[in-house]
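Sequence lines, in order, name chains Y, F and A. For the record, in the first sequence the residue sitting at position 203 is 203 according to my numbering, with numbers rising by one throughout. If you count the second sequence from 1, you need to add 227 to reach my numbering. If you count the third sequence from 1, you need to add 385 to reach my numbering.
Simulated from the structure, these hints should not be mistaken for laboratory data. Keep in mind the model is a prediction, meaning the values are calculated, not measured. For glycine and all other residues, C-beta sits at the position ideal for the given N, C-alpha and C. Certain hints may be false.
Unchecked claim - Distance windows between CB atoms, simulated:
#: 1; chain 1: F; residue 1: ALA343; chain 2: A; residue 2: VAL429; range: 29 to 37 Å
#: 2; chain 1: Y; residue 1: LEU102; chain 2: F; residue 2: PRO256; range: 48 to 56 Å
#: 3; chain 1: Y; residue 1: VAL109; chain 2: F; residue 2: LEU254; range: 41 to 49 Å
#: 4; chain 1: Y; residue 1: GLY42; chain 2: F; residue 2: PRO256; range: 46 to 54 Å
#: 5; chain 1: Y; residue 1: PRO15; chain 2: A; residue 2: ASP450; range: 24 to 32 Å
#: 6; chain 1: F; residue 1: TYR264; chain 2: A; residue 2: GLU531; range: 29 to 37 Å
#: 7; chain 1: Y; residue 1: SER175; chain 2: F; residue 2: ALA343; range: 48 to 56 Å
#: 8; chain 1: Y; residue 1: ALA124; chain 2: A; residue 2: ALA499; range: 22 to 30 Å
#: 9; chain 1: Y; residue 1: ASP121; chain 2: A; residue 2: ASP450; range: 36 to 44 Å
#: 10; chain 1: F; residue 1: LEU257; chain 2: Y; residue 2: VAL109; range: 42 to 50 Å
#: 11; chain 1: A; residue 1: GLU539; chain 2: Y; residue 2: THR94; range: 41 to 49 Å
#: 12; chain 1: F; residue 1: LEU257; chain 2: Y; residue 2: MET45; range: 22 to 30 Å
#: 13; chain 1: F; residue 1: LEU254; chain 2: A; residue 2: ALA499; range: 25 to 33 Å
As the list claims (entries may be wrong) - Rough simulated footprint, nothing fancy, chain F against chain Y, three-plus residues with beta-carbon under 8 Å:
#: 14; stretch: 63-71
#: 15; stretch: 94-100
#: 16; stretch: 108-119
#: 17; stretch: 122-134
Unchecked claim - So the derived list for chain Y, only partly shown, Cβ under 8 Å to chain F, looks like this:
#: 18; residue: VAL29
#: 19; residue: SER39
#: 20; residue: GLY76
#: 21; residue: GLY177
#: 22; residue: LEU181
As a plain string of letters, each chain reads:
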Amino acid sequence: MSLLAAAVEPAFLVPTLLLDICFLALLVVVAFAIVRMRSLFGIVMLQGVYSLLSAAWFVTLDAVDVAFTEAAVGAGVSTVLMLSAMLLADRQSTPVPMRRQLGALAVVVLAGAAMLYAVGDMPAFGDVNSPANSYVGMDFMAKTAEEVKIPNVVTAVLASYRGYDTFGEVVVIFSAGLGVLLLLGLNGNSGNWVARPNGQVINDRTAPSAGLYQDNRSEEQRAEAGQ
Amino acid sequence: MSDPDRDLERMLGRDPHVVLRVISKFLIPLIALFALYVQFHGDYGPGGGFQAGVILAASVILYALVFGLKAAKAAFPPRLIRYGMTLGVLLYGGTGVVTWFLGGEFLNYSVLAHDASHGQHYGILAVELGVLVTVTSVMIAIFYAFGSRQPETSNEDW
Amino acid sequence: MSELFSQYNYVIVIVLMMTGLYIVFASRNLIKKLVGLSVFQTSVFLLYITVAKVKGGQPPILIEDKPYGVDKDGHALLEGPIQVAAGDGAFLLPGPGSDVLYSNPLPHVLILTAIVVGVATLAIGLALTVRIREVYHTIEEDEIQEMDFVYNLEGTAD
Chain Y
1 MSLLAAAVEP AFLVPTLLLD ICFLALLVVV AFAIVRMRSL FGIVMLQGVY SLLSAAWFVT
61 LDAVDVAFTE AAVGAGVSTV LMLSAMLLAD RQSTPVPMRR QLGALAVVVL AGAAMLYAVG
121 DMPAFGDVNS PANSYVGMDF MAKTAEEVKI PNVVTAVLAS YRGYDTFGEV VVIFSAGLGV
181 LLLLGLNGNS GNWVARPNGQ VINDRTAPSA GLYQDNRSEE QRAEAGQ
Chain F
228 MSDPDRDLER MLGRDPHVVL RVISKFLIPL IALFALYVQF HGDYGPGGGF QAGVILAASV
288 ILYALVFGLK AAKAAFPPRL IRYGMTLGVL LYGGTGVVTW FLGGEFLNYS VLAHDASHGQ
348 HYGILAVELG VLVTVTSVMI AIFYAFGSRQ PETSNEDW
Chain A
386 MSELFSQYNY VIVIVLMMTG LYIVFASRNL IKKLVGLSVF QTSVFLLYIT VAKVKGGQPP
446 ILIEDKPYGV DKDGHALLEG PIQVAAGDGA FLLPGPGSDV LYSNPLPHVL ILTAIVVGVA
506 TLAIGLALTV RIREVYHTIE EDEIQEMDFV YNLEGTAD
C-alpha cells in the first residue's frame with residue numbers, strides 16, 4: 001500500500017495540494033473579512049462566498065456529495081434565509097469597543113494555542129494508514145460492493161447502513177420546520193402578539209421596548225397588520 | 228412600498244425586470260428537472276434526497292423571488308407544505324415498519340425483495356423519497372415563514 | 386513539499402474555528418453571531434473531510450470491474466474512458482494487487498447530515514432573532530440585556 005502511495009505521489013502533489021493551499025488561504029481571508037465588516041448585508045454575502053469556497057475545496061478532496069450539499073444548502077438556501085431574516089431585523093451591526101473585545105481575544109488565542117499544540121499528533125494529510133481510514137470506513141466500501149451493490153458508497157451508508165442516523169436527522173429537520181412555523185407562522189403576523197408569563201399580559205404596546213420604538217408604519221399598513 | 232418610478236415604468240409598458248422574468252421562466256423547470264435527476268441518480272453519482280430536496284425548494288424560492296410570494300403560494304400552496312413535512316417522515320418511518328412486518332429489523336431493507344440487494348435498492352429508493360419530500364417542504368416552509376413577515380424598517384433605512 | 390504541508394490543513398482549520406468563535410464571542414449583533422457560528426461549523430466540516438482524504442484516492446463512487454466503455458456483451462460503447470452505470474457486475478475495490486484507491490466515505494456521510502441539520506438550526510436561530518427584533522426592536526445583545534434589566538427592576542415598560 002505504501003509503495004502504491006509513493007507511486008502516485010507526483011500526480012497527487014501538484015494539483016491537489018496547490019488547490020488545497022489556495023482554497024484554505026482564501027477561506028481565512030474571507031473569515032477575517034467577516035470579522036472586520038459591519039454591514040450585515042456584506043457579512044451575509046461573505047458567508048455565502050465562504051460556503052461556496054469550501055464547497056469547491058470539498059471537490060478537490062474527493063468529497064463530491066458533501067460539496068454538492070454545501071453548494072446547495074450553505075451557499076444557496078442559507079444565504080437566502082439570512083437575507084430574508086436580515087430584511088426583517090437590521091442592516092448594520094454596531095461596533096464593539098476594542099477594550100470589550102480583549103476578553104474574547106484572550107479566550108480564542110488560548111484555546112487556539114492549546115489546539116495547535118496537539119496538531120503534531122494528527123495523521124499526515126492524505127495518510128492511507130491513519131486510524132480514521134483503516135477500519136470501519138473501508139469495511140463499508142467492501143460491504144457495499146457485496147451487499148447493496150450500488151456504486152455510490154455515500155448513498156448506501158447514508159440510507160442503509162446508517163439508516164437510523166438519517167431517520168433521526170429527517171426528524172430533526174421536521175422539528176426545525178415545525179419550530180420556525182410556531183415562531184413565525186406560515187402567513188406572517190407581524191406586529192401583533194401577546195404573551196402571558198406568570199399571569200401578566202404583555203403585548204406589543206406593554207413590552208419592555210414599547211416606549212423606545214417609533215412606529216413608522218403608515219396607517220393602512222398598521223390596519224393591514226392588525227387584521 | 229409602492230415605488231413611483233416602477234409604477235411609471237409599468238404604465239409605460241416597460242417592465243424593468245423583463246430579462247429576469249424570461250430567464251427564470253426558462254430556468255425554473257430545468258432546475259426542478261435537475262432536482263429529479265439528482266434524486267434518482269443518487270445511487271450512481273453524487274446526490275440524493277437532501278440535495279434534491281434543497282434544489283427543488285430552490286426552484287420554488289426563485290419563483291417567489293421573481294414573481295412574488297403570492298404567486299408562489301398559489302403555485303405551491305402552504306397546505307401542501309404541512310402535509311409534505313409529515314408525509315416524508317412517515318414515509319421514512321413507514322419503510323422501517325414495513326420491514327418489521329416482513330420479518331426483518333427496523334430499516335433492514337434486505338427483506339423487501341427476494342434478492343437481498345434488490346431489497347436494498349427498493350429500500351434506499353423509498354427512504355430517499357421520504358427525505359426529498361420532508362426537506363423540500365421544510366425549506367419552502369421556512370422561506371414562506373420569513374418571506375410572509377412584514378419588515379418594520381422602511382425602505383429608506385437601506 | 387508534501388511533508389512540509391502535511392499538517393497545514395489542521396492549522397488552517399484551527400485558525401478558522403477560532404475566527405468563528407471570536408465572531409460569536411466578540412460581536413453583539415445576533416445575526417453576526419449566527420454567521421460566526423456557521424463559520425465555526427464549516428471549519429469542523431473541513432477537519433472531517435481532511436481526515437477522510439486518501440492520497441491518490443478518488444471519490445467514493447465504486448468503479449465497475451470491467452473495461453471502460455464496453456457493454457455486457459463486450460461491444461465497445463464509446464471511445465475513451467467513461468464510467469458505466471452499474472448493473473449487477475462486481476466493483477473494483479482497494480486492496481492488495483489492486484491499483485484503485487477511494488477516499489473514506491464515512492466522514493462524508495457524517496458531514497452530509499451535519500450540513501443539513503446545520504441549516505435547520507440556523508433557520509431556528511434566525512426565526513428567534515426575528516421574534517426578538519419584533520419584541521425588543523433591536524438585535525444588539527447589550528441593548529436587549531439593558532431592557533431586560535430595567536424591566537425586571539421596575540416591572541413596567543420604560
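Task: Violated hints, by number in ascending order, as checked against the structure - done: Violated hints: 4, 6, 7, 11, 15, 16, 17, 18, 19; rest satisfied.
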